[in-house]
Structures are given as C-alpha cells and as structure tokens.
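First to last, the sequence lines map onto chains A and B. The opening position of the first sequence corresponds to residue 1 in this note's numbering, with each subsequent residue numbered one higher. The opening position of the second sequence corresponds to residue 1 in this note's numbering, with each subsequent residue numbered one higher.
Derived from the structure by calculation, the hints contain no laboratory data. In this text, a Cβ means the ideal position worked out from N, Cα and C, and glycines have one as well. Heads up, some of the hints might be wrong.
Said to hold, decoys possible - To give an idea of the interface, some chain A residues facing chain B are shown, with a C-beta separation under 7 Å as derived from the structure:
hint : residue
1    : Val-25
2    : Met-227
3    : Ile-292
4    : Gln-293
5    : Ala-300
As the list claims (entries may be wrong) - Taking lysine-lysine pairs in the DSS-like style, the calculated list, with each CA pair at most 30 Å apart, reads:
hint : chain 1 : residue 1 : chain 2 : residue 2
6    : A       : Lys-348   : A       : Lys-220
7    : A       : Lys-38    : B       : Lys-82
8    : B       : Lys-82    : A       : Lys-17
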Amino acid sequence: MPIVPIRADNAYVGIGKQSAQGTPVAPSTFVRWLDGTKFEFDLKVEEVWEGDGTRRLSQVIKNNQSVKSAIVFNPRPIELGLFETACMGAGSDAITVPTVSTQLSAGTSIGATTITVSSNTGLTGSGTIALMLTPGSASEEVAVFTVPATGSGPYTLTVANSGTLKNAHSSSDTVVSQATHVVTDQSDGSYYTIEYGLGSLNGAAGPTIRIADCKIESIKRSGKAGMLLEYTVDFHGIATTSQGSPLTVTLEAHQPFLYTQGVWTVNSSTTGDALAVESFDITQKNNLDVGIQTEQLTLAAIIFGNLSIAVTASLVMQNPQLIALTYWGSATGTTDSQTIGAGALNLKFTQADQYHSVQFFVPTMHYKKITEPTPKKDGKAYKIGLQSEGTSNQGANSYILQTTVTNSQTTAY
Amino acid sequence: MSNKKIPCEYTGGHKVDLHKYGGPYFDGKGQQLLDLTLNPGDSLMMPEEEVLGFTLLRDMSGVQEPINLGVGRVVLSEHQGKDDEELYAIGYQFHQGRPDFRPLPTLVSEKKKKESDK
C-alpha cells in the first residue's frame with residue numbers, strides 16, 4: 001500500500017483580531033512565512049504513581065493544555081502595523097488620517113507627467129509628497145509629486161524628478177497621502193486568532209488548526225546588511241479547534257522593507273557608529289502570565305506582564321566611543337565609572353515609493369554590555385557587539401519604544 | 001462543517017493576491033478567475049462558514065467532541081434568552097467570519113426577502 005506524503009511547504013498561517021476573548025475570528029491577514037515558523041501544543045501532564053502493590057505506573061493525566069507558536073516573516077507595510085499593535089497592546093494605535101484625500105479632476109494615461117485634483121488641502125507646502133492614486137485597485141500606484149499644487153482649482157501636480165505615471169487612472173479616482181500609525185505600549189493586549197494550515201492548503205489531507213485567544217509573548221525585529229527586515233513573533237494561545245477546510249488565503253500586495261532603506265540615528269548622531277551597523281535586533285518581551293488556570297484544562301486568561309525592550313547590534317568598530325560610554329561613563333571617559341552609559345536609537349526604513357515606512361524610536365537605552373573587539377590573525381575588521389535595554393528613564397519618557405508606520409490603512413488597527 | 005460557497009464582495013482596504021495553490025477561484029457569478037489579484041469591490045465565491053462564521057457547542061469538561069451547530073450565530077432553543085456570558089459558560093463558541101468579505105445577495109436570498117416583505 002503506497003503512502004501519500006505531504007510537502008512541508010504546503011502551509012499557511014493567518015491571523016485576525018478578536019472582538020473579545022472566547023470569540024475566535026476567521027483570520028484575514030496571511031503572511032508569507034519563513035523557516036522557523038512553527039506551532040506546538042504546550043501540554044503539561046502528570047504521572048500518577050499510586051500505591052497499588054505493584055511497581056507499575058497506573059496512569060497519566062493532563063494538567064493543562066495551551067499552544068505556543070512562532071511566526072517568522074518579512075512584514076509588508078499593512079501587516080507590520082497589525083503585528084506592532086498586537087504586540088504593543090489594545091488601543092496602542094494613534095492614527096493620523098491622510099492629510100491629502102482628494103480626487104482626480106480628469107483621467108490620466110500611462111506616461112503622464114501631471115495630474116489634476118479637485119482639492120489642494122495638504123498640497124500647499126513646498127517640496128515633494130508621495131501620493132497613492134486609485135488605492136486598492138488594479139491600477140493602484142504611488143508617485144512622488146512636487147508641491148505646492150498650482151492653479152486655482154482644479155489643481156495641477158507634477159510628478160517629481162521628471163517621472164511619469166505607470167498606470168492609467170480615471171476621473172474621480174481617489175488620490176490620498178499615507179496614514180500614520182504611531183504605536184506605543186499599553187497595559188494589556190487584545191486577543192487574536194491564529195490559524196495554521198499544515199498540509200491542507202494545496203488539496204492535501206493535513207490538519208487545519210485554529211488557535212483562539214492568543215497574545216504576543218515576544219517580537220523580534222531584525223535586520224542584517226543586504227537582507228530584508230524580518231519579524232519573529234512568538235504567541236501563546238488558549239484554545240484550539242480543528243477546522244474542516246483551509247481558509248481562502250489572501251496575501252498583501254505590497255513590498256517588504258530592505259535593510260538598505262534604513263536611516264540610522266545612534267545616540268543622536270547620524271554619522272560615526274550610525275553608519276557602521278551591520279545587523280540589529282529590537283526584541284520586545286511582554287512576559288505573558290500564562291499561569292491563570294481555573295476550572296478547565298485550558299487557561300482562563302492571558303495577560304501582559306512586565307515589558308522589556310532590548311536593542312542589540314553588531315557594528316564595525318571605528319572608534320572606542322561605545323566602549324568608553326559603557327564602561328567609563330561617557331564617550332570620552334577614560335576610567336571606571338558608576339555612570340550607566342545611556343543613548344538613544346532612531347531607525348527609519350522608507351521604501352522607494354516614499355509612501356510606506358516604519359520607524360523605531362527608543363528614546364532612552366541603557367548600555368549593558370559592549371563586546372570588546374577580539375584580535376584575530378585573519379586581519380579582518382574589528383567588530384563590536386552592542387547590548388542595551390530600553391528604559392522609561394525613571395518615568396521621564398511616556399514610552400520605551402515607539403513604532404511609527406505609514407501605509408494606506410486609513411483606520412486604526 | 002459546511003462546504004457550501006456563497007458569492008461575496010471583498011471589502012478589504014487594499015488589494016491582495018489570492019494564493020496560487022488555494023484555487024480554483026470563481027467570481028460571484030461563477031466565472032473562473034484567471035487574474036489572482038483581488039481588488040476592493042471584486043466578488044468571489046467563498047465558503048459560507050468563512051464569511052458568516054459558525055457556532056460550536058463545546059463540552060466544557062473537555063471529554064465530548066464539540067458539536068458544530070452551523071453557520072452564523074446559532075443558539076439552541078433550550079438556551080434562548082441567556083446572555084453571552086451564560087452561553088459561554090455552557091460551552092458556546094461563536095466563531096466570527098472574515099471582516100474583509102461580505103456576502104452578496106443571491107437570487108434565492110432576494111426571493112426569500114421579497115416573500116418575507118409581503
């Protein structure tokens with residue numbers, strides 16, 4: 001009898017925000033997962049050794065059952081906002097709606113160098129502005145225009161840098177600037193439903209598992225020279241159900257972020273060490289309380305615990321300033337010092353369209369360790385490792401990490 | 001679990017790509033989609049449980065298999081009148097449908113509506 005193996009890439013993972021605990025929702029966001037994505041039951045069992053006159057184990061019982069999962073992916077701009085708000089907590093998204101929201105006064109053709117719009121609100125400054133034309137349609141495109149708009153209405157906008165439009169657009173099509181989502185940590189998070197199709201997507205017989213009432217245990221935002229921005233998100237969930245069939249998987253049609261799109265400000269400087277970062281991690285831990293069990297096998301609730309945000313990076317060594325800052329109290333210090341080395345990080349990735357971006361801002365980070373450069377006979381460059389912890393600076397800062405996302409999602413997550 | 005498909009409208013805020021291996025896909029009129037990009041306002045045949053949700057009645061002691069009560073929010077006659085907290089305690093689990101799709105009226109549903117309006 002032949003066996004029927006199932007390819008391990010026949011899989012999907014989706015996520016959706018629940019309106020309340022105990023009310024799962026069909027996920028509507030599906031990420032393009034990477035290796036490292038996994039799902040596992042966290043089953044706690046007990047061997048019951050009863051004195052029955054034998055040396056045999058009489059039974060094993062289940063004490064508790066929950067789920068751990070990890071999703072590794074290269075986030076797209078709208079997905080990224082969802083995971084950031086899930087990690088930061090309920091109500092963490094302070095949205096600023098687009099300043100420009102108008103319509104084309106006339107249709108445009110492929111290769112057009114100008115457009116006309118019916119309103120100049122948000123278009124009176126000087127410089128350039130990225131606008132999305134006909135968002136959410138097959139002809140959606142982002143172009144950068146020179147402002148201010150000219151004319152007395154309808155108003156004319158010229159594509160910057162002698163550029164042209166790639167698609168045709170109709171009169172009355174929407175023209176909109178980006179929405180801004182400023183995300184900061186809150187006291188607790190919403191519940192999410194996660195669904196894994198493990199060999200069920202492509203007509204095979206693998207399971208489809210829905211995990212209800214999940215919260216984020218930790219999220220690691222990583223980047224490495226030449227690579228893509230990568231997220232590793234660890235969830236803990238309460239309840240599972242086996243689904244009879246896979247969901248309709250829909251994938252966000254935007255681009256991921258490239259490491260080369262990052263602009264670094266390290267300790268308030270955009271030069272020196274800020275130009276020498278070859279990799280970084282910003283790791284947030286919510287330290288979930290996953291020990292709340294009452295009358296059932298599954299958990300009764302999950303709540304956020306203490307928040308920690310660690311910033312680590314590897315730098316090409318150019319000077320001893322970070323060593324001095326960490327161990328000698330200041331960038332120019334020369335001897336052992338009680339003073340903790342303090343700095344800040346501001347890292348912004350902006351996509352080539354100038355429309356989609358993400359910015360990570362840690363206003364105060366205290367240096368815990370700088371790994372010293374190690375002499376090696378290979379003659380290659382010295383590297384130093386940076387380990388720091390974001391703090392509230394004794395309560396002076398209203399957040400430890402602020403993530404700002406610009407994209408075309410015009411409602412709060 | 002119902003495998004019935006119903007015509008739906010995609011109401012998400014941005015265009016998405018349907019997964020290459022999840023098809024074949026059909027629009028709300030039953031025509032097969034050859035372009036896998038889905039724009040807001042496009043129609044798609046979707047599993048009704050995925051869009052409308054479904055209700056499970058679970059054994060809270062974790063011994064019996066849950067019972068699928070069907071599409072949407074379903075409450076058995078013997079439990080009518082109880083509030084959500086009481087229903088959850090009994091074992092009801094109301095799975096909500098996808099927020100980025102809405103069902104489109106069909107000829108059958110339109111006919112039923114007209115009959116009920118009379």
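- Numbers of unmet hints, in rising order: 2, 3, 4, 5, 7
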